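Going down the list, the sequences are from chains A and B. The numbers in the working numbering rise by one with no breaks, and the one at position 38 of the first sequence is 38. The numbers in the working numbering rise by one with no breaks, and the one at position 26 of the second sequence is 26.
Note that these hints are calculated values from the structure, not bench results. Since we're looking at a predicted model, the values are computed, not measured. A virtual CB, placed ideally from N, CA and C, is assigned to each residue, including glycine. Don't take each hint at face value.
[Said to hold, decoys possible] Straight-line alpha carbon distances no greater than 20 Å define the calculated EDC-like cross-link-like pairs of lysine to aspartate or glutamate that follow: (1) A:LYS40 - B:GLU5; (2) A:LYS44 - B:GLU5; (3) A:LYS101 - B:GLU17; (4) B:LYS26 - A:GLU100; (5) A:LYS44 - B:ASP7; (6) B:LYS26 - B:GLU53; (7) B:LYS70 - A:GLU58; (8) A:LYS40 - B:ASP7; (9) A:LYS101 - B:GLU15; (10) B:LYS56 - A:GLU58; (11) A:LYS44 - B:ASP93; (12) A:LYS41 - B:ASP7; (13) A:LYS41 - B:GLU55; (14) A:LYS101 - B:ASP93; (15) B:LYS26 - A:GLU58; (16) A:LYS41 - B:GLU53; (17) A:LYS36 - B:GLU53.
[Unchecked claim] Chain A stretches covered by chain B per the calculated footprint, using a threshold of three residues with CB under 8 Å from any CB of chain B: (18) 66 to 79; (19) 89 to 101.
Listed here are the chains, written in short residue letters.
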Amino acid sequence: DTAVSQTPKYLVTQMGNDKSIKCEQNLGHDTMYWYKQDSKKFLKIMFSYNNKELIINETVPNRFSPKSPDKAHLNLHINSLELGDSAVYFCASSHRPNGEKLFFGSGTQLSVL
Amino acid sequence: SQQGEEDPQALSIQEGENATMNCSYKTSINNLQWYRQNSGRGLVHLILIRSNEREKHSGRLRVTLDTSKKSSSLLITASRAADTASYFCATGDQGAQKLVFGQGTRLTINP
Numbered sequence: 001d002t003a004v005s006q007t008p009k010y011l012v013t014q015m016g017n018d019k020s021i022k023c024e025q026n027l028g029h030d031t032m033y034w035y036k037q038d039s040k041k042f043l044k045i046m047f048s049y050n051n052k053e054l055i056i057n058e059t060v061p062n063r064f065s066p067k068s069p070d071k072a073h074l075n076l077h078i079n080s081l082e083l084g085d086s087a088v089y090f091c092a093s094s095h096r097p098n099g100e101k102l103f104f105g106s107g108t109q110l111s112v113l
Numbered sequence: 001s002q003q004g005e006e007d008p009q010a011l012s013i014q015e016g017e018n019a020t021m022n023c024s025y026k027t028s029i030n031n032l033q034w035y036r037q038n039s040g041r042g043l044v045h046l047i048l049i050r051s052n053e054r055e056k057h058s059g060r061l062r063v064t065l066d067t068s069k070k071s072s073s074l075l076i077t078a079s080r081a082a083d084t085a086s087y088f089c090a091t092g093d094q095g096a097q098k099l100v101f102g103q104g105t106r107l108t109i110n111p
């Protein structure tokens with residue numbers, strides 16, 4: 001069974017569109033994260049939720065809105081997509097909100113044309 | 001801002017040789033972690049070393065931490081083709097709840 005699963009794996013869309021990426025974890029973890037990996041493989045945290053509550057928001061544009069309906073799910077909605085949003089987005093989870101031993105999903109490669 | 005920086009950026013060795021990757025960071029940390037990323041996949045946690053530890057082992061992996069030099073190294077012994085991947089160090093800042101990653105070392109093991 002996949003521990004952290006995110007969908008879709010690939011997302012190709014036009015500038016200006018709105019899109020969502022879904023993430024689910026079956027590890028019973030309290031904390032979930034969204035990370036963005038750019039073309040140079042630099043991985044940067046975007047958001048962190050602990051038990052459905054936002055605990056980290058790393059100066060991400062308002063066009064990005066995370067939503068956590070329960071502690072096993074953390075979705076990412078992106079409005080008005082821009083070329084610079086093209087990247088690989090990773091969902092991750094950890095047992096506690098201390099950033100230790102993260103379990104990552106397989107990533108969503110977003111291409112904005 | 002980026003915290004860890006790995007060195008070298010790319011490393012290519014023969015199967016069976018040992019691979020050493022280094023990581024330097026800038027601020028005080030609570031722990032340092034190493035992750036592996038195979039091409040097109042998510043990151044996999046390898047090992048965590050706390051700021052009061054100097055060395056840790058896990059199978060063929062050996063991690064050292066020198067907090068006075070703000071640096072860590074990851075040694076993979078007796079490398080295998082399956083070890084081909086990118087390796088990232090990540091630091092957990094004291095008092096913070098986020099993990100900050102470096103840009104990784106691309107390791108290629110040649111058969």
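Unsatisfied constraints (hint numbers, rising): Hints 3, 7, 9, 10, 13, 16, 17 and 18 not satisfied by this model.
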